[in-house]
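> Following the numbering used here, the numbering of the sequence shown begins with 5 at its first residue and continues without gaps.
In case anyone wonders, no lab produced these hints; they're calculated from the structure. The beta-carbon is built from N, C-alpha and C at its ideal position, and this holds for glycine as well. One thing to keep in mind: the hints can contain errors.
[Claimed, not checked] Just the calculated beta-carbon pair ranges, DEER-fashion:
id : residue 1 : residue 2 : range
1  : Thr208    : His145    : 29 to 35 Å
2  : Ala18     : Asp170    : 51 to 57 Å
3  : Gln52     : Gly23     : 36 to 42 Å
4  : Ala18     : Gln52     : 44 to 50 Å
5  : Glu144    : Met176    : 20 to 26 Å
6  : Gly23     : Glu144    : 40 to 46 Å
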Amino acid sequence: MRISMPERIETYTASGVWGCDPLDALLHRTAVEAPDRLAIADPPNKAQIMGETPLRLSYRQADAIVDHLADTFTTLGLARDDVVAIQLPNTAESVLTILACSRAGLIACPLPVIWREHELAKALPNIAPRALVTAQHIFEHPHADMMRNIAADLMTVRFVFGFGKDLPDGVMSLEARGSESGEGGKKAFLPDEENLANSIATLTWSAGNCDQEYTVARSHN
5 MRISMPERIE
15 TYTASGVWGC
25 DPLDALLHRT
35 AVEAPDRLAI
45 ADPPNKAQIM
55 GETPLRLSYR
65 QADAIVDHLA
75 DTFTTLGLAR
85 DDVVAIQLPN
95 TAESVLTILA
105 CSRAGLIACP
115 LPVIWREHEL
125 AKALPNIAPR
135 ALVTAQHIFE
145 HPHADMMRNI
155 AADLMTVRFV
165 FGFGKDLPDG
175 VMSLEARGSE
185 SGEGGKKAFL
195 PDEENLANSI
205 ATLTWSAGNC
215 DQEYTVARSH
225 N
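Please construct the entire structure, taking both the sequences and the accompanying hints into account.
Dropping the structure here:
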């Protein structure tokens, strides 16, 4: 799904401002060129945020985890341009999930972590998500429980995924792990005649008038 006119794509691509690689392909390229370079480092207080040990991942490790998550999404039947709503704190899991959506051809829609039932019930029907991703808890709030309950009222949602331990019934566990070899990139969308970098990568939120939020679609470029 594209949002830019062909003339604009041609102009910016010819100038070199836009490229042909989706976000996950940039990750994979660096994983090949500098596999052991540090890619992602969690905040030291991650245990307080979501009860997990802080991660320090090289580009090779991050690329392998993105492969694992993307494979999970596609194996379960999520298809290209399906929207995945993500409510996670600023941790490795958030970055990895967004990149996994890119690798699987999905559209990632990050949600503010301060949103609760009221805000989510208003916003989510506007993007018709096929899946929700969150953590078991973020600080003291039980986000996985909240997302599961909200999903019950959304006809489009097929899956609720969660990071963390002791996830409630109805929430499928995601793990930030990769293959034994630590090799990734197997499912990366490589440049082709479609120029996938011009497809929608994310939906972000902006406040409008009368307390109404609306989404802004952004491509990989």
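> When you take the CB atoms of Glu144 and Met176, is the distance between them in 20 to 26 Å?
Cβ of Glu144 to Cβ of Met176: about 23 Å, so the range 20 to 26 Å holds.
> Is the gap between the beta carbons of Thr208 and His145 within 29 to 35 Å?
violated, 22 Å
> Are Ala18 and Gln52 spaced within 44 to 50 Å by their CB atoms?
holds, 49 Å
> Confirm or reject the claim that Gly23 and Glu144 have a C-beta distance inside 40 to 46 Å.
holds, 42 Å
> Could you tell me whether the CB distance from Gln52 to Gly23 stays inside 36 to 42 Å?
holds, 39 Å
> Is 51 to 57 Å respected by the C-beta to C-beta distance linking Ala18 and Asp170?
holds, 53 Å
Consistency with the previously given hints fails for number 1 only.
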